[in-house]
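Colleague: Line by line, the protein sequences are chains A and B. Going by our numbering, the first residue of the first sequence is number 38, and it counts up by one from there. Going by our numbering, the first residue of the second sequence is number 842, and it counts up by one from there.
Just so you know, these hints were derived from the structure itself, not from any lab. Be aware that a few hints might be false.
Covered stretches of chain A, as calculated for chain B (at least 3 residues, CB under 8 Å) [as the list claims (entries may be wrong)]: (1) 84-90; (2) 164-176.
For lysine-lysine, the following DSBU-like pairs were computed, each having C-alpha atoms within a straight-line distance of at most 35 Å [said to hold, decoys possible]: (3) A/Lys117 <-> A/Lys67; (4) A/Lys67 <-> A/Lys123; (5) B/Lys892 <-> B/Lys920; (6) A/Lys189 <-> B/Lys914; (7) A/Lys123 <-> B/Lys946; (8) A/Lys216 <-> B/Lys914; (9) A/Lys123 <-> B/Lys932; (10) B/Lys888 <-> A/Lys117.
Source: prediction; values computed, not measured. Yeah, the Cβ is synthetic: ideal placement off N, Cα and C, and Gly gets one too.
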Amino acid sequence: MLNTINSLDSLIFAKLEVGQQFYWQLGNLKIHGQVLITSWIVIGLLVVVSFLASRSIQRIPSGIQNFMEYALEFIRDIAKNQIGEKEYRPWVPFVGTLFLFIFVSNWSGALVPWKLVKLPVGELAAPTNDINTTVALALLTSLAYFYAGFSKRGIGYVAKYIQPTPILLPINILEDFTKPLSLSFRLFGNILADELVVGVLVLLVPLFLPLPAMGLGLFTSAIQALIFATLAAAYIGEAMEGHGEHEEEHHE
Amino acid sequence: MNWTILLAVEAAETAKEGGLFDLDATLPIMALQFLLLVAILNGVFYKPLGKAIDDREELVRTNILSAKERLEKAQNLAKQYEQDLGETRKKAGETIAQAQAEAQKIAAAKIAEAQQEAQAQRDQAQKEIDEQKQSAFSSLESEVAVLSRQILSKILGTS
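Chain A with its partners taken away, still in its complex shape (with noise of 0.2 Å):
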């Protein structure tokens, strides 16, 4: 068995690792290197991107100017739909950079062939196949919606804790930690099967199998992406309604 695995191993494309991390050493902290290469690119790609497309701004807008207006629409419908009409600006660049950042850094992981490049250890990939990177825009998110909720409402958030009853108390705060846990284990889960169905696949049978798998793998990137985004925006907009809206029905 093992044997004919390593006939395999010739193979660049067919090889498989998990969790095997390429680290750097910053002080006494250690940082995972491959993720941080990949987000740089990523980083890379969306700031030229939308540079060239600001750069001369049309009033009919043509060519990259027209697909990232199209893309800005898009972002801010997401924003709109949950946030609301009214408070949704201000958190379109948050909303909006967790979108564009996930889905780029999705689809890098899915049609940038990063195996060509060796690393001494481990092996570049999309950036959200690591558990630091989806930790962190899920904490992100949970300081963004706490934010949105403090400025909105003031100390008044704290008392959505006990809505509808006291009684919730217990699970309202449970939530708080249950949100960045799913979101970031959610996409962090999708996005390493994804990538380690098309691998094994790949092992097993390097040709024309694994790519319905990656057309999959395509779809369900773009998905995780919008669904990050969308419930960033649910979580902060439900922050900033909620009790404070239900006062002003009140007096009104």
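With chain A's structure known, arrange chain B on it following the hints.
Modeller: For chain B alone, kept in the frame of chain A given last:
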């Protein structure tokens, strides 16, 4: 050996360091660079393109509004024009009728005058005829007297 086909958990257990659920300084760095990305994209993407979209929307909205206004104005003008046209037609009809009536009146007056003149001329002619007849009769009478006197003398034979 570079490869492993182990389940995720097993991989995490077997690797001396690392593994799938290996949280370390990558996390805060990723968070920071994500926030940086938000800030950069806000500057080069969301703000300028958002402004472009909003401006275009505003432009389209004002254009539609002004177009509606102009349409309304045009419709009003058309209505006004139609009204004016109708009024003018009515006035023209009135003028024509008036002119016709005047013409009729003038024609009638002229005819009456002509008839009167003709009558007068006829009367004059009649009068002249009568006069001449009278004078003819009177001259004839004197001649008759002369002739009769001559005849008388002839007959009586005064010679």
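Colleague: If a hint holds in the structure, say so; if it does not, say that too.
Modeller: Going through the hints against the structure:
1. 84-90: holds (count 4)
2. 164-176: holds (count 9)
3. A/Lys117 <-> A/Lys67: It is violated: about 39 Å lies between the C-alpha atoms, which goes past 35 Å.
4. A/Lys67 <-> A/Lys123: With Cα atoms ~43 Å apart, A/Lys67 and A/Lys123 exceed 35 Å; violated.
5. B/Lys892 <-> B/Lys920: Not satisfied, since the Cα-Cα distance of roughly 41 Å exceeds 35 Å.
6. A/Lys189 <-> B/Lys914: Status violated; Cα separation ~47 Å.
7. A/Lys123 <-> B/Lys946: 81 Å, violated
8. A/Lys216 <-> B/Lys914: 58 Å, violated
9. A/Lys123 <-> B/Lys932: With Cα atoms ~61 Å apart, A/Lys123 and B/Lys932 exceed 35 Å; violated.
10. B/Lys888 <-> A/Lys117: Judged against 35 Å, a Cα distance of about 16 Å means the pair holds.
Checked against the numbered hints given earlier, the structure breaks hints 3, 4, 5, 6, 7, 8, 9 and satisfies all the rest.
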